[in-house]
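S.K.: Hints are included, so try docking the two chains, each in its own frame, into the full complex.
Line by line, the protein sequences are chains R and Y.
With the first sequence counted from 1, adding 535 to any position gets you our numbering.
With the second sequence counted from 1, adding 100 to any position gets you our numbering.
There could be a bad hint or two in this list.
[Stated by the list, open to error] Pairs of lysine to any residue residues, derived as SDA-like cross-links and limited to a Cα-Cα distance of at most 20 Å, are as follows:
(1) Y/142 x R/606
(2) Y/142 x R/808
(3) R/624 x Y/193
(4) Y/142 x R/603
[What the hints assert, rightly or not] On the chain Y side, residues computed to face chain R include the following (Cβ under 7 Å):
(5) 120
(6) 121
(7) 122
(8) 125
(9) 255
(10) 328
[What the hints assert, rightly or not] Computed Cβ-Cβ distance ranges for the label pairs, DEER-style:
(11) Y/382 x R/898: 55 to 61 Å
(12) Y/254 x R/716: 30 to 36 Å
(13) R/616 x Y/202: 28 to 34 Å
Think of the hints as simulated: they come from the structure by calculation, not from any bench.
Ideal Cβ positions, reconstructed from N, Cα and C, are used throughout, including at glycine.
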Amino acid sequence: MKRWILVLAAALPIAVMAQIQQRTLRPTVEIFPFEYNSAGDDFCPAITHNGATLYFTSDRSGEQRIYVCRSRGGQWRSPDRIRTLGDAKQVGCPTLTPDGQLMIISAYQHESGSEGRTDLYVSKRTEGYWDKAVPLGAPLNSSAWDSQASLSSDGRTLYFASDRPGGKGGIDLYRSRWLGGRWSAPEPLSELNTEFDEMTPSIAPDNKTLYFASNRPGGLGGYDIYVARLQGTRFSQPQNIGTPINSSDNDISYIALPNSTTAYFASDRAGGNGGYDLYRAVPNPEMPEPVVTMHGIVRNSTTQIPVGADIIITDLKTRQKVATLRSDDETGEYYVTLTAGRSYAVTAYHPDYLFYSEQIEVPTDERGRDLEKNIDLAPIASESATRLLVFFDFDKADLKEESLPELDLAATFLREHPEVKIRIEGHTDDVGSDDYNLQLSRRRAEAVKKYLVSKGIDEKRISTVGYGKSQPKVKDTSPEARAQNRRVEMKIVAK
Amino acid sequence: MLRRFLLGVLLLGTAGYADEDVLRPQGRSTPPPQVMAEGLVKNPWALGVELGGSLSFFGQDVTQYQAPTYQTNLTSGSGLGPLLNLAVDYALTDALGIQTRLGYDQKHFTTSGFLDSPCETPPRSGLFIPTRVEHTTSQTIAYWTGGVALRYRFEENWVVLAGATYHSRSNASFTETDSITSGTCQFYDDVGNAIGQRRQESGSNTSAFNAARWSIDLSVGYRIPLSENIVFLPRLAGQVFLTPLAGDNLSFGYHPVLGQVYAFTNRRLHALQLVLGLWFNL
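One chain only, chain Y, in its complex shape (with noise of 0.2 Å):
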């Protein structure tokens, strides 16, 4: 029985060369040389140095369960953060490919909006006043990356890449602007002393976001060849994370009077990722 398995496979691999061909009516009579695939640049395996942009939009669900809505204005944002890739790709075939990645992203992305604000007049007297606030987050999450991918080559230059990254955390910074526009209001120091109609606020909130994140990858590219041994690469992918930005937050938004509770849920962030490679044979 193995012996009959093991007389089909080879007969299997020996039928390739038994056809024709256009030098051969009757096909070659031995099997062709293994030989090396063309890799994205010329040899199968190519280094490559990406630099590029994520646009990266963010978006989560806000419920409040009691009024006033100001914080409706924190449902979505996006922004853009800088990248960089040291990657390598190795050509399975000429056609198809496999490439692994490793790199430092940084997503950005701002929420802005209006919103009704209580304000203390004067400060620790009780007394609140409705205000309108411009309110802005500006919020920043570096991971570094480790990806795979399988890179498909068509129409001579056209690559097509499907994959998935993985997304450590690093770091993550924030910046709160509120800036009053009516009303003579002011916002106040700890100590009580009117700092004006505008205050800012920066700091780091790292562990408020996942530690690790999933992504799947879909880029579509195009090959320049710039010399014999080096390939410009521009491409344009679609990130869509499969882990949340961070978990629920269900208490956020505490108002000194009401003592309302707002939840956001289903926190999320996805990306569209211009990438400027560089693609050298090895």
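If we strip away everything but chain R, and leave its shape as in the complex, we get (with noise of 0.2 Å):
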């Protein structure tokens, strides 16, 4: 007894300290309410760009529906709402790709149908408005109230909330992967779920943190928000997020920015302009990992008008898709975020352009920070020329199998314009002999010839030529120069 009583007298000071250093070391988080709050309910945002659109979901107009806000010099413009995703009796909770290109949104008996209740729809942008709605169907939707997406910054997972049977009672969270060119059957999240109410997830641009409230015994008062972390394939114990932006009234829909100390939720709490209100958060209490983010925009190489392309990234390693989204077909602009330490290829796609492709390596020590890629396509026609993404093992002319994805791009390329002849044109860098490295060159281009015919293309379609280190892209010997000088090009020769 007397050792028990020792054991607590000394672990309670340090208990009493951990709190203190906690509270010491927890940054003063203050809240800042959004200028264009309404009367009535203002809930759900979500960022895109970087932290430069913000939409959001009000029901200002008497219904429920979707706005957006963009930023200009540091503030935001006056909302517009969106009214092109088709008419419904509600609409709201959209979640975007980061380049802002793709929506999923929630919305009541919108006229494209629905599998009952509430459900979630996607839309996509054209020529800079907001195609109209489709459901997402089943599995994702059932006949239960299917509500309040959130899709991971790859575009690869989608969390949302619903009250449909086999969870935990009341709303709950639900996960559904994208495998196989379809979303998966919806996986409840029996780690956060709880017989009470979990709802308005937001998976943070890590695709790690997520926030969601809940209205679970032990919170603050009403719906508490609460953050949990990906470990593994299941989520860690989820946080209470704490004051002041919990309050004992209701507080959810939390948003984190990409590598920003700033969040987004809404509250209605006393003090605001009725119902649920908008509110910033800074810093962040609970940051998410930070992320490389990558932007740019495509252009005309020759006119440099902005085209609306499909742009894939690839990881390099894993020959993975990491992500699929499509540059502004009105502003040319794209924007994706990337994990560091990988090395991915970016292709960008047009039906009118020859393709682009290039490899982007991202170090880790580059998270947290935004890279600026701008791709110029090249029209279809005479002397065009792209480089293609294929690699070699050093001093051969064997294609590594990591290629092949971007020749499986050029044969659909040329399959698509059958009246395209093209040459392909290897080139080395400067160490070698001319004659040795003359050799090499021809012998990749051929390799990349018969990789082609062998994919149908006919072969009087394409010449070859070996340039050797003759006609270096870079007249530089660094290590990055020589990079940029091994290549092979495809060029249009006829149309």
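M.R.: Shown next as structure tokens:
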């Protein structure tokens, strides 16, 4: 007994010190109301373009509708209602791909039909406008209430709230994955769900940190915001995010911005404009891991006019597509979040242009940075050329397997443009003799031709040439310059 | 009975917020706040200044009782006149609004054609020579207008307007030009002096046209936001008049020899309008 008292006596000061230290280390969080809150409910914020565009839901017009605000000079401009998503009794809770070109929304009694009650719908942005939303269908949608989706930044995992049977009670959180070209059957997040409500899930840009709201006992009152982090395939024990973000009223819809100390959430606390209001919290007390963001503009290489092109980001190590996005039809802008410490192939494709590919290295120490990469697409015309992202072993002309997706794209391009004849041009760096490099570049160009012919392309449409080291892209002997000079290009010779 | 009716009305009113929504599977427990609809610009009220042009299409039925039929070239004509509107828009809902408009609208049209005209040569001789004359009438009628229209906004920026406009005649003027295109005949003034092969006459003919006219207006426009508080709204409008342009004229074109009589009936004018509007938040 005495021993236990001693242990307790020793542990108590340690626990108190730990509490004091935790309170001391925790930054002072300030919250600021959003300047365009209405007398109605304003909730479900969603951010795209690295924080430059804010979407949210509001019933300021009497019905729940989605509004968009754009940032100009650090100030939000007044919100515009999105009117092109189709007629519905209620529409809201958008989640978007980071580039803002695809939106998943929730809607009740949408004109496109439903599985039953409130369901999830998807809309694409075309020439500056959102298309009419179409239902995501089963198994994501059910005859129950399915709403409040949150799409991971790679677009491959969807979290949402539902009161469908099979959960723990009330509203529960579910997760579905994009597998084999379709959404998998949603699985309840049993480690987070309770017999009470869990809703407004929001997966952070790191694809690991999940925020959600719950009215489970032990909170500050009403709905509180909780955070949980993905560890393997399961989430950690959720933590109440605390005051001043949580209050004795309802606090929901928490989102974190990429590489930013800012977060947004909704609350119906006293002192607002009425109903739920949006608030900005700085700093975010539960920051997600930093990510690498990449943005740029896709342009016509001749006219510099912006182009809306499909962009595929492939992890060169795992050869998995980590993101499929589209640059804006009007501005050509694109935006994507990437994981640091990887090597990626960035491929842009538009039917009227020669496709473009480039290898992007994102070192680990780039975490938290924003990379800029503009892409110039060459119109399909004689003498237009593009670098093929093909890989060879040192001193060899055997294609490495990671070259094949790029060459498959080239074969697809040639099939879609049967009038085009091409020349495969091999280049080397300046290491080695002229004659050796000439031979190597020829053999590498031939290897590419051989693969394309094996894919059904008429060999008469393909000529090859090896230039050795005679036509360097960069006249330098640095490793970076040599890497740029070692290349295989595809040039259109007749159209 | 009255109590049951009132209860029914009350239930009907509360049914809307008991429905589920994207935030709550059971719907909200309290009615949504009364909120203002979003208007043509941002606020429910907007003030518009519109400038544009009316492309008028004039037509009339010409019946001629005796030959020759030279006045038949007056059956149709068209022309462009300016218009200016001051308008107010009030949003009833996010999509639907009502507009009232006061304006000045000038309808203009020109009829032109060739006719065979008897030419008295020499003057006061009683000898008439048929001669070919190009006859042009340019007519302008100005109206003060007042209108009301329902406005429907769809697909974010498209706007459709349907309404009626009252036109109060302000003044009208004409210019007639005759040019002899064949022969040697000339025009003569009142005292018999030759004035050449071209003559022109202008004047006011306000009373020749109906003082009040009604039109049905249908237009489609496209919103182009210029700033937070200003929207540019070009629109194309069709204007169908329910009231004739003028009363029937049954004794036009007296022939000095034959004394023929024309009847001008069904005298109509419709218009297409291209209107460029700037709308401001009120």
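S.K.: If a hint holds in the structure, say so; if it does not, say that too.
M.R.: Do the hints match the structure? See the list:
no.	hint	verdict
1	Y/142 x R/606	holds (18 Å)
2	Y/142 x R/808	holds (19 Å)
3	R/624 x Y/193	holds (14 Å)
4	Y/142 x R/603	holds (14 Å)
5	120	holds (6 Å)
6	121	holds (4 Å)
7	122	holds (4 Å)
8	125	holds (4 Å)
9	255	holds (6 Å)
10	328	holds (6 Å)
11	Y/382 x R/898: 55 to 61 Å	holds (56 Å)
12	Y/254 x R/716: 30 to 36 Å	holds (34 Å)
13	R/616 x Y/202: 28 to 34 Å	holds (30 Å)
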